[in-house]
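A.B. asks: Given only the sequences and the hints, what does the whole structure look like? Please build it.
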Amino acid sequence: MIKIYQAHEFMSELKELQYQEALTKNDLLHPRFLLDTHHALEMYYAPFDYINTKAKIMIIGITPGWTQMQLAFTTVLKALKQGESLETGVKRVKQQASFAGSMRSNLTSMLNELQLPHYLGISDSASLFAEHRHLLHPCSMLRYPVFLRAQNYTGHTPQMAKSPFLMEWIRSVFVPELHSVHPLLIIPLGKAVSDTLKVLADEYRIDEERCLLGFPHPSGANGHRHAQFETGKQEFLRKIQFAFS
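Start counting the sequence shown at 188; every next residue gets the next number (the working numbering).
Among the hints, a few may not be true.
[As the list claims (entries may be wrong)] Calculated pairs, DSS-like style, for lysine-lysine (alpha carbon to alpha carbon, straight line, at most 27 Å): (1) Lys349 - Lys190; (2) Lys243 - Lys268; (3) Lys265 - Lys278; (4) Lys349 - Lys241; (5) Lys420 - Lys243; (6) Lys268 - Lys349; (7) Lys241 - Lys190; (8) Lys190 - Lys202; (9) Lys385 - Lys268; (10) Lys268 - Lys278; (11) Lys190 - Lys385.
[Stated by the list, open to error] So the derived label-pair ranges between C-beta atoms look like this: (12) Phe429 - Lys241: 17 to 23 Å; (13) Asn409 - Ala337: 40 to 46 Å; (14) Arg219 - Gly410: 35 to 41 Å; (15) Gln207 - Gly270: 15 to 21 Å; (16) Ile189 - Arg336: 21 to 27 Å; (17) Phe352 - Lys202: 28 to 34 Å; (18) Ile189 - Leu335: 40 to 46 Å; (19) Ala287 - Tyr391: 27 to 33 Å; (20) Glu396 - Arg219: 39 to 45 Å.
Just so you know, these hints were derived from the structure itself, not from any lab.
Virtual Cβ for every residue (Gly too), placed ideally from N, Cα, C.
C.D. replies: Okay, structure coming up:
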């Protein structure tokens, strides 16, 4: 039975980790956080619960990787140590852990080139992760981190859109999340997310005119991202103009 998990359900497990100086895979890729398995795939809980229902932009990744998972737990534990509420820590996770590192700078550079700040009335896309984060809901097709033999799942082995196991989780967790936000613009990062979004668009009447299908994954490991961006640029510009018209 697929369910949507919340951080408070793992409060006792979080308390066990409060005094760890640095969280390791032995701490987090642990049976206490294991949600589901399928062949070589393992899915673990991580505190990516917060949903910004007032966001205008929704940026969708594949699934949180190990670095994002570690940072998410660290952010929540730091809030608890400082006497803040669990809800405060969970809300802060999206700012701290979403598309962190060089991926974020590559992403905001592309969004700036598409003149997205102009339509949002802001000066720089980087502020979507800071003072203007109320405009953005960053998320993943697979909210909970998925690993393939303890390595980050990349959306391809198996293909996300063709895996009944993964699609059941996506339909049960991601689709309600999408419907609760009602974004003006949806930006799927990479082919695996675009392909999966196309499947969902047919099933759930998602307006593809508001989806930047074909948008490149901003990871530095994607050596084709510049060419992919240039190929789709005019269509991305057209859809952004449509979304904000």
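A.B. asks: Any of the earlier hints contradicted here, and which numbers?
C.D. replies: 2, 4, 6, 9, 13, 18
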